[in-house]
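Residue numbers (the working numbering), protein chains in the order written: chain A, 8 to 585; chain B, 8 to 585.
No lab work stands behind these hints, which were simulated from the structure alone.
All C-beta atoms in this analysis are idealised placements derived from N, C-alpha and C, irrespective of residue type, glycine included.
Treat the hints loosely; a few may be bogus.
[Claimed, not checked] Only pairs whose alpha carbons sit at most 25 Å apart, straight line, appear in this in silico DSS-like list of lysine-lysine: (1) K118(A) with K534(B); (2) K394(B) with K378(A); (3) K47(B) with K575(A); (4) K378(B) with K140(A); (5) K294(A) with K270(A); (6) K378(A) with K270(B); (7) K143(B) with K552(A); (8) K218(A) with K233(A); (9) K378(A) with K552(B); (10) K118(A) with K270(B); (11) K25(B) with K118(B); (12) K47(A) with K552(B); (13) K378(B) with K143(A); (14) K47(A) with K575(B); (15) K135(A) with K153(A); (16) K270(A) with K318(B); (17) K223(B) with K378(A).
[Stated by the list, open to error] If the Cβ cut is set under 8 Å, some of the chain A residues that face chain B in the computed set are: (18) L52; (19) M173; (20) K411; (21) L461; (22) P506; (23) F509.
2 protein chains.
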Amino acid sequence: MDKILRIDMGAAGGPSMKEEPVGAYAGLGGRAMTSAIVSKEVPPLCHPLGAENKLVFAPGLLSGSAAVISGRLSVGCKSPLTGTIKEANSGGQAAIAISRYGYAAIVLEGKPATNDLYVIHFGKDGVKIKSDKSLKMLPNYDLVDKMKAAYGEKIACISIGPAGEMRMGAASIAVTDMETRPSRHAGRGGVGAVMGSKGVKAIVLDMTDLKMRQPKDVEKFREANKKFTEGLKSHPVTGQALPAYGTNVLTNILNEAGGYPTKNFSGGVFDGSAKISGETIADLETKRGGLATHGCHTGCVIQCSGTYVDKNGKFVSKQPEYETVWAHGGHCGISDPDVIAKLDFMDDNYGLDTIEMGVTIGVAMEAGIIKFGDAEGAIRLVDEVGKGTPLGRILGSGAEVTGKAFGVERVPVVKGQAMPAYDPRAVQGIGVTYATSTMGADHTAGYAVATNILKVGGFVDPLKPDGQIELSRNLQIATAAVDSTGMCLFIAFAVLDQPETFQALIDMLNAFYGLSLTADDVAALGKQVLSMERDFNARAGFTAKHDRLPRYFLNEKLAPHNVIFDVKDSDLDQVFNW
Amino acid sequence: MDKILRIDMGAAGGPSMKEEPVGAYAGLGGRAMTSAIVSKEVPPLCHPLGAENKLVFAPGLLSGSAAVISGRLSVGCKSPLTGTIKEANSGGQAAIAISRYGYAAIVLEGKPATNDLYVIHFGKDGVKIKSDKSLKMLPNYDLVDKMKAAYGEKIACISIGPAGEMRMGAASIAVTDMETRPSRHAGRGGVGAVMGSKGVKAIVLDMTDLKMRQPKDVEKFREANKKFTEGLKSHPVTGQALPAYGTNVLTNILNEAGGYPTKNFSGGVFDGSAKISGETIADLETKRGGLATHGCHTGCVIQCSGTYVDKNGKFVSKQPEYETVWAHGGHCGISDPDVIAKLDFMDDNYGLDTIEMGVTIGVAMEAGIIKFGDAEGAIRLVDEVGKGTPLGRILGSGAEVTGKAFGVERVPVVKGQAMPAYDPRAVQGIGVTYATSTMGADHTAGYAVATNILKVGGFVDPLKPDGQIELSRNLQIATAAVDSTGMCLFIAFAVLDQPETFQALIDMLNAFYGLSLTADDVAALGKQVLSMERDFNARAGFTAKHDRLPRYFLNEKLAPHNVIFDVKDSDLDQVFNW
């Protein structure tokens with residue numbers, strides 16, 4: 008991981024490649040790498056779909072090593088959805104493959120003059136770029152089948168579906184999992200549209216004979232990795248709740264807390280929650296012969312995923328995440344798990360962010376396009392997106408554009424990105440993160456739900472403004488650091504509660520790279536990443552005025568607690584004042 | 008004009024009215040009034056379609072008096088298209104009527120909880136508000152017919168068409184002309200959508216027995232008005248070119264200057280210009296029995312409008328403005344005047360800004376929805392907007408949303424508003440105005456074309472950056488002042504070239520109000536208006552980074568002069584540094 012591969016998709020005569028030493032970006036991984044490159048090299052006022060934008064893929068610092076659960080891939084660019092800098096990350100096998108090919112980053116630059124569509128293949132004979140118009144508008148699952156036929160079964164694939172080719176704001180980038188299914192996604196911010204604008208349909212990485220990356224100090228590394236694993240397995244969230252029920256364990260928890268946004272954020276409790284809870288779906292999966300406990304990439308020890316099958320035991324989709332179940336479920340008044348799993352598959356196949364799509368359909372329901380609870384209607388709408396009908400073009404552009412097209416006032420977005428599955432009025436800490444994150448509304452950027460609701464890392468009353476700024480600040484700093492390691496963010500539950508597990512993570516990094524980092528250095532890295540991102544955003548025209556929730560969260564009370572978002576603007580402005 | 012009428016459309020039990028003295032807003036008219044109220048009373052971060060926004064109608068300081076050409080009506084709000092403060096102004100009879108009813112402003116506030124649609128009627132018995140669902144989705148011309156049947160022939164009508172009801176970003180507010188046709192529009196920024204969000208379909212003003220507003224010093228006023236009129240009549244632009252050919256006299260001029268944006272700003276010369284020039288269309292109108300010279304409101308002495316009729320002498324539309332002929336014509340590669348006149352009528356009837364619509368269709372052409380030059384296709388697209396089909400919803404939301412929905416990079420907007428009919432690369436002064444105006448891309452905000460191309464008020468080379476900042480600054484200041492008087496902006500040609508005509512305008516104001524204003528006071532008023540607007544925008548999150556053209560104007564050379572927009576960012580930042 009000491010080199011960067013730059014591919015100029017707009018070079019005269021067709022794409023050209025250049026390999027260079029990691030240079031000034033040495034020591035950076037994942038989000039730190041993508042945000043450094045974007046912040047330094049992309050003009051902040053450029054058009055996100057133009058030649059000046061760059062799409063950066065970066066494995067984490069520990070990706071491809073024996074470190075458990077270290078296979079996250081960061082994807083960075085200027086976002087067509089938010090206009091901000093963007094890092095969306097994904098599980099799956101690709102980060103492992105890229106890191107083992109020795110690349111700290113792959114950077115797609117420029118823009119083809121023609122409408123050719125390219126596959127970039129990494130194999131024993133090096134990197135080859137091939138134009139293939141026959142792939143046009145292929146959904147991700149069909150595309151991966153074609154790639155397997157062409158390049159063998161043992162591949163990792165990064166691809167876009169029709170949504171990315173159509174350059175939609177909700178377009179994701181798919182990454183194949185251990186079963187070589189395109190079920191993991193760098194979902195948010197329209198990164199798939201940027202890949203589409205570069206004319207790249209797929210990056211295929213042959214995984215045969217790839218060697219594990221070796222630490223400098225093998226023994227210390229092994230020991231730290233073991234302690235780290237034990238920490239994850241001993242924590243109730245990462246050792247029990249997530250393996251048993253996946254992220255969807257949160258449906259019942261958020262519903263009971265009155266913070267589960269229903270019917271386009273008009274209430275905090277969903278009466279259909281029992282039908283789509285993690286417990287119900289895990290039970291259903293097990294009974295039908297699916298899997299309730301499964302990992303998304305080699306080396307995962309949490310296993311929060313699963314396999315959702317139909318009544319006949321046939322594969323429908325990977326186990327839908329909590330945010331997906333919420334977005335397509337409670338947010339739209341839909342409580343049929345089979346419908347939600349089908350929508351999850353459709354999103355993955357067309358290459359769409361499930362959060363943005365679900366929220367957008369809720370906004371379309373508020374506009375009266377279909378009624379709340381109309382499951383068949385929701386399926387039809389996602390199908391229109393995948394087919395690129397005019398209505399699909401609106402919805403595929405995300406919640407904000409849909410709100411504009413239909414003149415809707417209640418559109419739950421920050422910086423143009425849809426809010427995830429936690430109402431900021433009943434979980435005020437996550438409201439601070441939504442408002443101030445460098446990425447637009449994003450729960451993963453500083454998951455205050457952990458402390459507000461799950462009582463991980465202490466407890467801060469979710470219904471009151473007190474303590475939320477500090478909570479969100481610390482989590483945003485920690486997250487930016489974790490996102491740079493390649494570690495799955497879910498390690499944070501154990502790391503927040505167990506100082507020895509946090510220390511084991513630092514020990515792993517030190518043993519791998521021969522460093523002597525301390526906890527302070529990790530925090531400093533997080534701050535450095537956020538500062539780069541904030542600097543980019545400021546140069547792109549973002550100010551404190553953009554670090555705000557839509558005003559209806561300040562004016563409309565949320566049942567059952569009858570609360571508004573009560574954190575003062577002047578306090579929001581202190582989040583990055585560390 | 009010493010009172011303000013506030014109508015709370017969201018009051019419990021239905022709309023309620025409150026008349027109050029003009030108070031702190033005394034001495035303000037037109038844009039100064041609308042921008043003062045919006046800047047002071049509207050929360051800058053509110054949703055433009057929400058209850059917190061206000062829609063302000065204000066006649067100018069001299070409207071309703073004997074002052075010639077003083078009938079402009081200012082309409083202000085936070086814009087759903089740009090997110091900035093907005094003042095769009097219109098000719099027609101309404102400003103005269105409002106001022107003679109004694110109102111310095113009518114302010115629509117709140118938002119109805121139901122989807123009722125209201126008519127506000129001003130008559131001898133006072134102001135009445137009536138709900139009338141039968142008006143839903145009526146186009147402007149049909150609506151005005153109904154209003155005439157209900158309230159008599161002698162009315163002035165302010166209304167929205169289906170576009171406003173659908174809350175589209177391109178929705179205009181129509182104002183009836185001397186023939187009681189809804190042919191004049193406060194076009195820009197989606198002000199019609201705000202009127203739609205307030206549930207107001209029409210404001211109807213009975214004009215029978217309305218008394219002319221009287222000056223304090225009748226004799227001095229009469230004398231100044233006479234001098235002012237003579238000045239307008241003696242200037243070649245206002246005395247000859249505009250009366251003879253209307254604003255469309257500019258087609259040949261801009262085309263010859265290489266600054267006529269063709270096919271979505273991909274070139275500066277249109278090969279079909281001769282077919283749609285002002286000279287050609289005036290000739291056609293005269294031959295067919297239409298009118299090539301006509302005014303839009305009582306008291307106009309420039310008479311830049313006309314009546315466009317078909318081969319059988321039947322009314323098609325008012326004479327389309329230059330910007331309309333360009334937007335629906337050269338910008339889209341269309342050169343059939345009958346098609347352009349038909350599109351002009353359709354826009355007026357559905358209640359759409361012709362500039363935003365024409366530019367948007369050009370963007371849709373770039374996206375491949377229809378081909379450049381497809382006249383029938385363009386008619387079909389505007390029809391889809393009026394009918395609110397999904398494709399129509401996209402297009403009716405304006406060029407920026409259309410660009411997002413179809414993943415187009417080359418979208419000629421600033422702050423979300425489409426650029427008018429002058430390429431900023433070949434007319435660099437207007438580029439400075441587009442970039443820095445408080446309103447988004449708006450030629451009227453500081454019409455540097457006058458000095459760059461028409462050599463009015465001196466000459467500044469249009470192809471070079473030198474002198475453009477000062478030119479745009481001075482014009483933006485002067486325009487903000489003129490927009491406050493109720494005077495048509497076209498007086499500026501004579502006022503810029505003839506010191507005595509400028510003095511006559513000041514003398515009129517002084518004689519009317521018993522003041523002793525100087526030229527410096529007028530400039531101070533313009534600065535005050537701009538400062539209020541800039542302050543609102545800053546609080547809404549706008550920064551210097553938003554005072555920029557899309558980057559392709561800096562990267563793509565425009566033929567035939569092969570120029571880019573060459574004004575430095577650091578110079579743009581000096582426009583308001585007076």
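Original post:
Which hints, by number, does the structure contradict?
Top reply: Failing hints, ascending: 1, 5, 6, 7, 9, 16, 17, 21, 22, 23.
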